[in-house]
Amino acid sequence: MKLVQKRSKKTGLPPGTLVHIGERRPDKTSLQVFHYNAGGCQEFQPSPMDQLSQPDDESVMWVNVGGVHHIEVLETLGKQFMLHPLLLEDVANTDQRPKLDDYESYVFVVMKMLSLTDRKEIAVEQVSLVLGRNYVISFQENGTDVFQPVRERLRGGKGRLRQSGADYLLYALVDAIVDQYFAVLEMMGERIEALQHTVVDDPKPETLNDIHALKRQLLFLRRAVWPLRDVMNNLSRSDCRFLHEPTKVFFRDVYDHVVQIVDTIETLREMVSASLDIYLSSVSYRLNAVMRVLTVITTIFMPLSFIASIYGMNFDYMPELRWPWGYPLVLAIMAAVGVAMLILFRKKRWL
Amino acid sequence: MKLVQKRSKKTGLPPGTLVHIGERRPDKTSLQVFHYNAGGCQEFQPSPMDQLSQPDDESVMWVNVGGVHHIEVLETLGKQFMLHPLLLEDVANTDQRPKLDDYESYVFVVMKMLSLTDRKEIAVEQVSLVLGRNYVISFQENGTDVFQPVRERLRGGKGRLRQSGADYLLYALVDAIVDQYFAVLEMMGERIEALQHTVVDDPKPETLNDIHALKRQLLFLRRAVWPLRDVMNNLSRSDCRFLHEPTKVFFRDVYDHVVQIVDTIETLREMVSASLDIYLSSVSYRLNAVMRVLTVITTIFMPLSFIASIYGMNFDYMPELRWPWGYPLVLAIMAAVGVAMLILFRKKRWL
Amino acid sequence: MKLVQKRSKKTGLPPGTLVHIGERRPDKTSLQVFHYNAGGCQEFQPSPMDQLSQPDDESVMWVNVGGVHHIEVLETLGKQFMLHPLLLEDVANTDQRPKLDDYESYVFVVMKMLSLTDRKEIAVEQVSLVLGRNYVISFQENGTDVFQPVRERLRGGKGRLRQSGADYLLYALVDAIVDQYFAVLEMMGERIEALQHTVVDDPKPETLNDIHALKRQLLFLRRAVWPLRDVMNNLSRSDCRFLHEPTKVFFRDVYDHVVQIVDTIETLREMVSASLDIYLSSVSYRLNAVMRVLTVITTIFMPLSFIASIYGMNFDYMPELRWPWGYPLVLAIMAAVGVAMLILFRKKRWL
Amino acid sequence: MKLVQKRSKKTGLPPGTLVHIGERRPDKTSLQVFHYNAGGCQEFQPSPMDQLSQPDDESVMWVNVGGVHHIEVLETLGKQFMLHPLLLEDVANTDQRPKLDDYESYVFVVMKMLSLTDRKEIAVEQVSLVLGRNYVISFQENGTDVFQPVRERLRGGKGRLRQSGADYLLYALVDAIVDQYFAVLEMMGERIEALQHTVVDDPKPETLNDIHALKRQLLFLRRAVWPLRDVMNNLSRSDCRFLHEPTKVFFRDVYDHVVQIVDTIETLREMVSASLDIYLSSVSYRLNAVMRVLTVITTIFMPLSFIASIYGMNFDYMPELRWPWGYPLVLAIMAAVGVAMLILFRKKRWL
Amino acid sequence: MKLVQKRSKKTGLPPGTLVHIGERRPDKTSLQVFHYNAGGCQEFQPSPMDQLSQPDDESVMWVNVGGVHHIEVLETLGKQFMLHPLLLEDVANTDQRPKLDDYESYVFVVMKMLSLTDRKEIAVEQVSLVLGRNYVISFQENGTDVFQPVRERLRGGKGRLRQSGADYLLYALVDAIVDQYFAVLEMMGERIEALQHTVVDDPKPETLNDIHALKRQLLFLRRAVWPLRDVMNNLSRSDCRFLHEPTKVFFRDVYDHVVQIVDTIETLREMVSASLDIYLSSVSYRLNAVMRVLTVITTIFMPLSFIASIYGMNFDYMPELRWPWGYPLVLAIMAAVGVAMLILFRKKRWL
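So the protein lines, in turn, are chains A, B, C, D and E. With our numbering, the residue at position 330 of the first sequence is 324, and numbering never jumps. With our numbering, the residue at position 210 of the second sequence is 204, and numbering never jumps. With our numbering, the residue at position 262 of the third sequence is 256, and numbering never jumps. With our numbering, the residue at position 192 of the fourth sequence is 186, and numbering never jumps. With our numbering, the residue at position 181 of the fifth sequence is 175, and numbering never jumps.
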């Protein structure tokens, strides 16, 4: 998760010029097409340059594009489905803010897809979705598979998915993405719970780095989710003719989920801030406690040394020095003073 | 109160699939039905699979469901009252944000019910309420009874409740829930008052944990109450045909209560923040005071030891060493210096 | 000023049940009625159970009720003027947020009346005002008299008050209450000015308590005044038929005052926050300065003691010990070292 | 700049009673009238009680009143121009928030006039402006002259001013006032730049007072300018019939200036806050550095004194004491230890 | 980047007076005109006083003015294109806030152009753009060339630019400016990434200055970009007749970019704040660690010196002094005590 994406290679180019922005990944661009209606579901993997077009009957076509760094593939698809150059530019640029653009003849949605890697790290990927009258095109930055359950439901043919139109497919894809957010939040929540114990029990300088890493991740999460609220709200109230009333109820449900996620992120942010406060106060308390103990030790020996140095003086007439019991007596006094101070400091809870 | 609910078992399932999210509790799902009108009130406890249906005369039916983890019960009720699958999904998922959904033929309200346990802890439970033309269905996460006063009023038959429609029953239930919030706030207020004395009089490291526990509880309270404001505002202005004008005045009253609660929570949050400030400054002041006292002690003995070490030197010609009154004189000087420093430091209020 | 009012005795009661919430005061409920028009002004004190009714000519009646803890009085008045049960409930509950409710046939305003006690403390009291076609009922929590000037103007008959309708009387009462806020703010302002000198000149641990007491008072003030802004704005734009155009100009003036008050409260809050910052930095600076002085003293004696301890060593061959001028020379060296360090530390401004 | 103005002498008076609030200044109230049209410009100084009235032809009259503490002058003018009593009350009360009131037959604007005194301090003065069909009345708290350039332009007769109506004169006056704000901001900006060097190079306890004085001034500035934004916006969109379309463009320009000023104030506030942070961290760093140096000195002498005290012991059998080279050897060891520690601490950058 | 621009020379001048505000640069004002349509593109550099006028056919004219400090040039152009005096005043004053003014017959846009100098510093320059029916006038503060790519595209004639109207040219210029913002952000992002390592690994007092310099730059960036959001939003929704529907889609794209930039700036600001926190805590931790080590050393020598001072006492009867093994025994005890304390402190991680 970089703070700012390298975008400078685009500077000065005319608008609509397709330039891939993001980390270039080695794998080929993969295309997968589902063509289905209530009756059946066809599935095939065209080569990128194959001729595709939106179905002219009531069946629905879903084109899933894995990888957006091959500009030619985007251009071919753009021509076949008559997509606006700015839309394609946004697809190729993986540093987009989630948004909803309504281009009369299709709707364009950009989202961030979050998932957990095997090492429990957060992977971010941009997904762009185009909804036409009876087709959906989904562009994934690379081929990570959070859409697998949707595919299974298409193949299985059970439930509402095959019976419904392209708008419901869009919903199914969006819902699959948003569902993943909960998994990420769960993991974050667990880490923060763990952190809250660490800052109290065993605060170390590294803990500070952990806190700031979490803070940063939550900042990125918020950036990915916050604009989604408006996107989902607009989808559920859109007067676009491809979005039917019954499907909007489902988008309202996704909207509720997103609001819930935003809420949770804010709560987690407050917990992390609180952890930072506890950490700082905890560390400072410990450092001070150490200093206090050390200073108490020094303070106890000061008067003892002073007594010893008195009897180290070389005056001719120091009668105590001649007493046979002088030495043990002084030792006893020293012990008494030392023990008295120890008791006093303990009582005052300074030690 | 967990930061983030485990929701991951739902990931990938088609929407409308009923999955209970929350802590699974052992007790059976209990159903209780009140069927009443101005004339009388029938009360019975059907088995979960019994046939129920909304009354077709002007009487009102209240179905109270205790426990939402038996998916079959929800499905049966859903079929009998023709509830939308997404609504049932929200009922089963106890990690909902308070909200109001208007499904044409019924209104759906989700709230958090707060109550105090015997050990003065806050128990949170989700309550989902469905208001139809002449029925109300209330789903409780488990069977804790804040609705008892409403039941008594139904049985007693006095007051406005039996004379009014289902909308007034909804109000009565919502009002009973919101009333509980005040009890919770009262308890929080008392704890914070106590805390404010603790941080001044006897700040300890554990106090910090108390402060953050209170902060966290207030955060959760706010999350539960904040969205309720919109819910109540919408109910009191709703143009839903089941909500009659006279009842809306009552919902406006609940709205006022919720605004008052939100206000109080914000005030409490500010008081807790102030307590944290006082705590930190108080602890730091005390630590510093201890260090100052210890350092003053050390500082007083430094010159005394120095005087002693002078007369511990072994020069052949140190006339003072030969004086008969040398020793007592030096002791007297030491005492004078020590007392002078003590007085000085006391006067400067350093000791 | 308690953080949260005890409200729990109301929990579970049906809505509209009158329960007094607040501190029960011993004195009787007092009623005072002014019945006036441009021509004259009648004044009498009915017993609480007397029959009262709104005048049917163009004269105006003002019923002032001192004390709201006698439920029966409220009920009697409620019947006589046909007031909504929820309105009476709000009157009896002295823990209301300022608000404006428009009940078709009358307007209901709740405000907080602030006044300064003889000991310069802030006294808070709830005032509920009902404006009907040609009557105003004012409920005071107890009988503190900020309405005295209004009474005098009614009796005197000069000015606009006797010539105008009930809406102008409402304005006069509201204006009298808001005028008191300025007195309270003046007092707060003076305290904060004083505080700002204290934190610089003589910060003590008690100062911290003063700061937080002021902070808390401002928090309560804000809670009392903030919602009043909307109330006054709504009054000045209301389309209620009892409020005549010329009177609305006066309510706009009160609105301006309230906005001014809110502004001033925010400024005072920022000044208090700044005082806290200065206090903390001032205290920490002083503590550190003390430690520095003490440590400087210790540091000066370290090398002196070291020199003395060298000549306290018992080597057989230490030629300096045999020199006749050895002792005074060493004393001179010690004095020189001590003075040099003193000068150095003074120059570096460490002492 | 007091936190809260004394307003209490007004408490309890009927609304519309003229009471001067502010510092009473000794000088007389001065009146100056300009009566002009495209053709010529008459200028005279009537006595306060002279008969004045709005011109009945298309010429424009500007009445400038210096000093608002003579209530009789305000009352006379109020009668002559038929001004609302509340308007006069606002003029007399110099503790107004900037605002725009539209009284059908005239528009009333209250602003704060800022200027720099010779000693570079900010002087605040309230200016109230009344715009009628063909007259402008300006009330100044005292006679400070920021309107001089406007007077010159009126006398000179060049430019748009004499050709235009009363609305353009109002604009010219408002613009003259707002222009002064930039001068004040420039001075503040320079002080803050200077402050930013001070906090790094030479932070002293007085610097803290400077920072808070600046903070307070910016707070007052913001209070004076913030509401002006709405005033100017409303003037530039007003549908008042005295404000002609071409003049509104000019008010929009003033609006832009005010927004710019608000922006700059916010930036300056952030810079002052940053300065406070740097100051605190800088002071704490310096204090700590001093303590560290002192402690290093103490730490270096500890082992040296220890070595000396070993050879101060009086054991019979301490062979080193008999060695002829014992003493110089021990001195050499001490020097070596001391130098080694010095080098070590220097290397670790502790000294 | 000065906090506040010197504007005082304008004070008191009549509105519409052209005064250059900003740093006066020595170079001459340069004019460059492109006159083009789909067919061809003419390019010439008129002398500032040449007669120019908007084309009366469908071709488009772009007048680029480098340098705004020659008032006469602005006046000449203002007459030729009939520009409002306030517009020219805004062009000459380089301390404008980004804004969009709609003057019926042309649209006026002010923006800040950011670019990176060779030394990686941010250069700010004001660009004012006037869009008429078929002309665009661009005023640059000085002649820095971010429009070069646009010129190349005009000369080349490829793409949409030559085919489209003046509105698309405006878009191309605005887009070129906004593209530069990303380059600046990238550089800032890299610096902040570097900073985040510095504060953990090697925090120095200078780091604090770096942090505050970054904070200040981000503050200025935000001031430049924040108002641009509204400008772009208004352009993309404007009902101005020079802006055609297809071009508005492009302005919406710029709007998206600006929102993205604002977002990124906020994120960077939070990262810088976090860096400050880490810096402070890191510095304080290090200082405290040093003090702890020094105090541990002192504490270890305290008991050792005490033991030595015991056997430095001069009592006649101290049997240990007579033992032949007394001296080595005491040395052994001292070593044991020292090592024990070392081990203890190490174990407690105090050393």
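Honestly, I wouldn't trust all of these hints.
In this list, chains with the same sequence are indistinguishable; a pair is considered to hold if it fits within one copy or across any two.
What the hints assert, rightly or not - Computed list of lysine-lysine pairs in BS3-like fashion (alpha-carbon distance at most 27 Å, straight line): (1) 73 x 242; (2) 198 x 341; (3) 152 x 342; (4) 73 x 341; (5) 114 x 73; (6) 93 x 198; (7) 341 x 22; (8) 341 x 152; (9) 242 x 93; (10) 73 x 152; (11) 93 x 342; (12) 22 x 73; (13) 73 x 342; (14) 93 x 73; (15) 341 x 114; (16) 242 x 152; (17) 114 x 342; (18) 242 x 342; (19) 342 x 22; (20) 341 x 242; (21) 22 x 198; (22) 152 x 198; (23) 152 x 114; (24) 114 x 198.
Worth flagging that the hints you see were computed from the coordinates, not collected in a lab.
The hints, checked one at a time:
1. 73 x 242: between (30 Å within a copy, 22 Å between copies)
2. 198 x 341: Between copies only: 16 Å across chains, 30 Å inside a chain, cut-off 27 Å.
3. 152 x 342: neither (74 Å within a copy, 64 Å between copies)
4. 73 x 341: Answer is neither: 85 Å inside a copy and 68 Å across each miss the 27 Å cutoff.
5. 114 x 73: neither (40 Å within a copy, 41 Å between copies)
6. 93 x 198: Close neither inside one copy (41 Å) nor across copies (42 Å); limit 27 Å.
7. 341 x 22: Result: close neither inside a copy nor across copies, 74 Å intra and 56 Å inter.
8. 341 x 152: neither (75 Å within a copy, 65 Å between copies)
9. 242 x 93: Answer is both: 17 Å inside a copy and 17 Å across each meet the 27 Å cutoff.
10. 73 x 152: Between copies, since 19 Å is at most 27 Å while 34 Å is not.
11. 93 x 342: neither (63 Å within a copy, 53 Å between copies)
12. 22 x 73: within (21 Å within a copy, 49 Å between copies)
13. 73 x 342: neither (83 Å within a copy, 67 Å between copies)
14. 93 x 73: Intra 23 Å, inter 38 Å, cutoff 27 Å: intra-copy only.
15. 341 x 114: neither (49 Å within a copy, 34 Å between copies)
16. 242 x 152: Within one copy only: 21 Å inside a chain, 43 Å across chains, cut-off 27 Å.
17. 114 x 342: Neither way: residue 114 and residue 342 sit 48 Å apart in one copy and 34 Å across, limit 27 Å.
18. 242 x 342: This pair counts as neither: shortest intra-copy Cα distance 68 Å, inter-copy 63 Å.
19. 342 x 22: Classified as neither: same-chain Cα gap 73 Å, cross-chain 54 Å, threshold 27 Å.
20. 341 x 242: So residue 341 and residue 242 fail the 27 Å test inside a copy (70 Å) and across (64 Å) alike.
21. 22 x 198: neither (45 Å within a copy, 48 Å between copies)
22. 152 x 198: neither (54 Å within a copy, 61 Å between copies)
23. 152 x 114: neither (33 Å within a copy, 49 Å between copies)
24. 114 x 198: within (23 Å within a copy, 35 Å between copies)
Hints 3, 4, 5, 6, 7, 8, 11, 13, 15, 17, 18, 19, 20, 21, 22 and 23 from the list above are not met by this structure, while the remaining hints are.
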